[in-house]
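Order-wise, the sequence lines are chains A and B.
Heads up, the first sequence is in UniProt numbering, so the first residue is 1 and it goes up one at a time.
Heads up, the second sequence is in UniProt numbering, so the first residue is 1 and it goes up one at a time.
No lab work stands behind these hints: they were computed from the structure.
All of these numbers come straight from a predicted model, not from anything done at the bench.
Don't take each hint at face value.
[As the list claims (entries may be wrong)] With a straight-line cut-off of 25 Å between C-alpha atoms, the simulated DSS-like cross-links for lysine-lysine are:
| no. | chain 1 | residue 1 | chain 2 | residue 2 |
| --- | --- | --- | --- | --- |
| 1 | B | LYS271 | A | LYS319 |
| 2 | A | LYS289 | B | LYS223 |
| 3 | A | LYS167 | A | LYS143 |
| 4 | B | LYS223 | A | LYS287 |
| 5 | A | LYS319 | B | LYS237 |
| 6 | A | LYS237 | B | LYS96 |
| 7 | B | LYS18 | A | LYS319 |
| 8 | A | LYS237 | A | LYS96 |
| 9 | B | LYS57 | A | LYS96 |
| 10 | A | LYS237 | B | LYS18 |
| 11 | B | LYS237 | A | LYS223 |
| 12 | B | LYS73 | B | LYS18 |
| 13 | A | LYS223 | A | LYS319 |
| 14 | A | LYS223 | B | LYS18 |
| 15 | B | LYS96 | B | LYS108 |
| 16 | B | LYS143 | A | LYS319 |
| 17 | A | LYS223 | B | LYS289 |
| 18 | B | LYS108 | B | LYS385 |
| 19 | B | LYS18 | B | LYS143 |
| 20 | A | LYS223 | B | LYS223 |
| 21 | A | LYS271 | B | LYS289 |
| 22 | B | LYS73 | A | LYS319 |
| 23 | B | LYS287 | A | LYS223 |
| 24 | B | LYS223 | A | LYS271 |
| 25 | A | LYS223 | B | LYS96 |
| 26 | B | LYS18 | B | LYS57 |
[As the list claims (entries may be wrong)] Simulated restraints on C-beta separations:
| no. | chain 1 | residue 1 | chain 2 | residue 2 | range |
| --- | --- | --- | --- | --- | --- |
| 27 | B | PRO98 | A | VAL92 | 46 to 54 Å |
| 28 | A | THR97 | B | PRO98 | 31 to 39 Å |
| 29 | B | GLU265 | A | VAL92 | 43 to 51 Å |
| 30 | A | THR349 | B | LYS163 | 48 to 56 Å |
| 31 | B | GLU106 | A | ALA273 | 38 to 46 Å |
| 32 | B | GLU265 | A | ARG162 | 50 to 58 Å |
| 33 | A | THR349 | B | GLU282 | 18 to 26 Å |
| 34 | B | LYS163 | A | PRO98 | 44 to 52 Å |
| 35 | B | GLY283 | A | THR349 | 51 to 59 Å |
| 36 | A | ALA306 | B | THR97 | 46 to 54 Å |
| 37 | B | LEU279 | A | ASP344 | 13 to 21 Å |
| 38 | B | GLY135 | A | GLU93 | 37 to 45 Å |
| 39 | B | PRO249 | A | THR349 | 54 to 62 Å |
| 40 | B | GLU106 | A | THR349 | 34 to 42 Å |
Glycine included, every Cβ here is placed at the ideal spot set by N, Cα and C.
Protein chains: 2
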Amino acid sequence: MVNKIEQIIEENRHMYIKWLTDFCEIPSVAAQKRGMTEAVDYLDSLFERALETTPEKLETDGFPVVFAELPGKSDKILSFYNHYDVQPEDPVELWKTPAFQPDIREGKIFARGVADNKGNLIARVAALHAIKQAGEELPVAIKFIFEGEEEIGSLHLPAFARKYADKIRADGNVWEFGYRDADGALQVSLGVKGMLYVELSAQGASSDLHSAQAAIIESPAWKLIWALNSLKGQDEKVLIPGFYDDITPISELDQEMLKHYRFDEEETLNKLALDNFLLDLEGSELKEKHIFEPTCNICGIHSGYAGEGTKTVLPSQAKAKVDFRLVPGQDPDKILKQLRQHLDDQGFTDIGIQVTSAERAARTSPDAAIVEAMLNVVEKHSSTKPNIVPNTPGTGPMYDLCQALGIPSASFGVGNFESNTHAPNENINIEDYIDGIKMAAALVFEFGEKINSKGARYSDSIN
Amino acid sequence: MVNKIEQIIEENRHMYIKWLTDFCEIPSVAAQKRGMTEAVDYLDSLFERALETTPEKLETDGFPVVFAELPGKSDKILSFYNHYDVQPEDPVELWKTPAFQPDIREGKIFARGVADNKGNLIARVAALHAIKQAGEELPVAIKFIFEGEEEIGSLHLPAFARKYADKIRADGNVWEFGYRDADGALQVSLGVKGMLYVELSAQGASSDLHSAQAAIIESPAWKLIWALNSLKGQDEKVLIPGFYDDITPISELDQEMLKHYRFDEEETLNKLALDNFLLDLEGSELKEKHIFEPTCNICGIHSGYAGEGTKTVLPSQAKAKVDFRLVPGQDPDKILKQLRQHLDDQGFTDIGIQVTSAERAARTSPDAAIVEAMLNVVEKHSSTKPNIVPNTPGTGPMYDLCQALGIPSASFGVGNFESNTHAPNENINIEDYIDGIKMAAALVFEFGEKINSKGARYSDSIN
Numbered sequence: 001m002v003n004k005i006e007q008i009i010e011e012n013r014h015m016y017i018k019w020l021t022d023f024c025e026i027p028s029v030a031a032q033k034r035g036m037t038e039a040v041d042y043l044d045s046l047f048e049r050a051l052e053t054t055p056e057k058l059e060t061d062g063f064p065v066v067f068a069e070l071p072g073k074s075d076k077i078l079s080f081y082n083h084y085d086v087q088p089e090d091p092v093e094l095w096k097t098p099a100f101q102p103d104i105r106e107g108k109i110f111a112r113g114v115a116d117n118k119g120n121l122i123a124r125v126a127a128l129h130a131i132k133q134a135g136e137e138l139p140v141a142i143k144f145i146f147e148g149e150e151e152i153g154s155l156h157l158p159a160f161a162r163k164y165a166d167k168i169r170a171d172g173n174v175w176e177f178g179y180r181d182a183d184g185a186l187q188v189s190l191g192v193k194g195m196l197y198v199e200l201s202a203q204g205a206s207s208d209l210h211s212a213q214a215a216i217i218e219s220p221a222w223k224l225i226w227a228l229n230s231l232k233g234q235d236e237k238v239l240i241p242g243f244y245d246d247i248t249p250i251s252e253l254d255q256e257m258l259k260h261y262r263f264d265e266e267e268t269l270n271k272l273a274l275d276n277f278l279l280d281l282e283g284s285e286l287k288e289k290h291i292f293e294p295t296c297n298i299c300g301i302h303s304g305y306a307g308e309g310t311k312t313v314l315p316s317q318a319k320a321k322v323d324f325r326l327v328p329g330q331d332p333d334k335i336l337k338q339l340r341q342h343l344d345d346q347g348f349t350d351i352g353i354q355v356t357s358a359e360r361a362a363r364t365s366p367d368a369a370i371v372e373a374m375l376n377v378v379e380k381h382s383s384t385k386p387n388i389v390p391n392t393p394g395t396g397p398m399y400d401l402c403q404a405l406g407i408p409s410a411s412f413g414v415g416n417f418e419s420n421t422h423a424p425n426e427n428i429n430i431e432d433y434i435d436g437i438k439m440a441a442a443l444v445f446e447f448g449e450k451i452n453s454k455g456a457r458y459s460d461s462i463n
Numbered sequence: 001m002v003n004k005i006e007q008i009i010e011e012n013r014h015m016y017i018k019w020l021t022d023f024c025e026i027p028s029v030a031a032q033k034r035g036m037t038e039a040v041d042y043l044d045s046l047f048e049r050a051l052e053t054t055p056e057k058l059e060t061d062g063f064p065v066v067f068a069e070l071p072g073k074s075d076k077i078l079s080f081y082n083h084y085d086v087q088p089e090d091p092v093e094l095w096k097t098p099a100f101q102p103d104i105r106e107g108k109i110f111a112r113g114v115a116d117n118k119g120n121l122i123a124r125v126a127a128l129h130a131i132k133q134a135g136e137e138l139p140v141a142i143k144f145i146f147e148g149e150e151e152i153g154s155l156h157l158p159a160f161a162r163k164y165a166d167k168i169r170a171d172g173n174v175w176e177f178g179y180r181d182a183d184g185a186l187q188v189s190l191g192v193k194g195m196l197y198v199e200l201s202a203q204g205a206s207s208d209l210h211s212a213q214a215a216i217i218e219s220p221a222w223k224l225i226w227a228l229n230s231l232k233g234q235d236e237k238v239l240i241p242g243f244y245d246d247i248t249p250i251s252e253l254d255q256e257m258l259k260h261y262r263f264d265e266e267e268t269l270n271k272l273a274l275d276n277f278l279l280d281l282e283g284s285e286l287k288e289k290h291i292f293e294p295t296c297n298i299c300g301i302h303s304g305y306a307g308e309g310t311k312t313v314l315p316s317q318a319k320a321k322v323d324f325r326l327v328p329g330q331d332p333d334k335i336l337k338q339l340r341q342h343l344d345d346q347g348f349t350d351i352g353i354q355v356t357s358a359e360r361a362a363r364t365s366p367d368a369a370i371v372e373a374m375l376n377v378v379e380k381h382s383s384t385k386p387n388i389v390p391n392t393p394g395t396g397p398m399y400d401l402c403q404a405l406g407i408p409s410a411s412f413g414v415g416n417f418e419s420n421t422h423a424p425n426e427n428i429n430i431e432d433y434i435d436g437i438k439m440a441a442a443l444v445f446e447f448g449e450k451i452n453s454k455g456a457r458y459s460d461s462i463n
């Protein structure tokens, strides 16, 4: 049966690649409100063609969630979570081919969003198309939940998840992303970090001034630099009082998983043209920091003149975008309060804070049916053992969409070690994409077998 | 005689305004190498039309210096220093009318460069045109020295001044700029601050990364922020060892001039929509800081995502443009060495420094003929007493072009209290411009009278 489906996937490979490149031509950058309706319309027409069903457009206070359901043999449900929005394409000048003109070269597809996460989204639709073409009945019902605001922090997804709790109910969820290591091993992720994303701003005079005025007029650029400097020391410790207080201690099981988690330091450094990791960390300390520690990162800082040569100006405003990646136990709302208090205490009462994302971390237990099924599929389809990531360093709305509703969630996908997500020349390997379709199809049956025999529901997530 | 010249100036006011607006249409932004040849060509044709002479284009390693000489009755020489380059026009969106489409409204001309300093440049050419039209012989020879790199730090002017020391010889110089206070008083400036302008840069991985990597990959944005933070404390004291060591102490004469120097605190704060000056300074402390203290200002800092909404990225590089305004005694080359040493000592050995400007401060004694002549002209033409600025907080190559050659230099011009130099909506009042032409013409004769009787040369500058 699986062989028949794989044969259909091979026969349709050109069509499936076209589905993806057509989708990647749409510049669905939520941050800039570009191409979002077009992306929803594209999914509409794809679902009609591929699965003979019209997805629902569930409204939120932001962009709608595209939702579709396919009936199955049992009352058990497998859901797929993906997003149809992508990151902005800048810095544009570093792309070898335009970000929204997908280019196929050297066995890869290059385009903004192809790895994160249109490749995964389309692979999963294609998998269900192939199953349908094979005339196979689905062992479980399938739900597709495609949001449009993942790259801007899924700000409206918690309210959505509460409102549609029953509609998105499932016995297992496949999360959006996944990557291969340099050695080809597929990562299987059992959680995500949370996030608090803020824009800090300082205001000076009513307009930019001749920089001779800097002798007597306050500089918002300096104020912002001093405020940022107060947030994190050169030892990378976040200096906001209380920041680390609520972190869930690393369990023995976590330590065990961390020990088995494989991270190729040399390949990573080579790829990034770096000599060493942060603070010269290596081995288990490096892995622990990557997987289990929160961050305080500057996504952007901008003030004054950015052009060529000199401009002698005292800027009138300064802004910084800062993301804190949070780990289990940390509450973004509480950390926001701590940040405000800290800035006030340091004398930066006039630094403004605007929140654009607040998400908690989420975790799934390794003995959930979806995890076991996913690991089985990967082992069958790959010559290399899967690399289990206890908690991926990335972020998504897994807490609200899954953990809070008791739905175990795990993640794998079509990305690779050099996919350049959120960066210029984002790409996936065509063969990884085709394999991803095959594995998504196989997972439907593998999960069906596990869950129909197990009968477990709403029970396997770690709270 | 002066009345006759003033009458000619009034008769020609529309033509003189057109000379200026035509010149302001040329986007001669040296930093971006735009419109520079066009600006030189324009001056060529203007000198032909106005003064029946072709200026020389004296080559430098950058943009050429436009030089012209008009013979006079005596062997004494008055020179005018101006520049034909302007600041970049950004932030473009804050201009009410396009920066390079001069707009006349409410009795003002709005355009990039109209105050700094095309208005002054054209006013001085117009003054000589009017004298010529009046059939008057010049009491002294006149030299025009118009450079094209003032707004990018006059990097090639020191070499130019050494090479052409004899050619640019003069007994008095009129410097480029000048402004009216809020009460209408004309400022007469007797010096400029120096400058060290540097671009600091930090490099991270070979490309921007997903910000989840911030847990283990060094951030150039953080590094630059920490390095900048080490340069200046929140008390505004520059923390580079040795920075203040060589400053020439403020003399009794300086203190006396500072006492008479008028600075309208309330008007300035109102204009800038601010509640207070830096460190809540006021009165003589504020004036002293403005006139006699060096600065360390951030003209620009840029790293990572600047667009709308969120982008979760670990930037691969960070850059800051920093200008230090220097006071008499400070040597920009020495301060550059101290800066490098300081960054190295603080562990920032991999922060790059690129110098784009290095100029010393310059001062002229108040009893130089050019100063006395200028003050006389201003008193005769204005109902308000001139406001003598012992040392303007701005910068220019006065040290190399004048002080090093023993040429006393002073400055007045056509700008106003709200001219918005280096900022959006730069402007001058049309009547100030016409007055500026009249005063430039009057100065030629006033200076002639002083210098021809005095016979002083190469002696009146403070070294």
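Check each numbered hint from earlier against the structure, then list the numbers of those it violates in ascending order.
-> 6, 7, 8, 9, 10, 12, 14, 16, 21, 22, 25, 27, 31, 35, 36, 38 and 39
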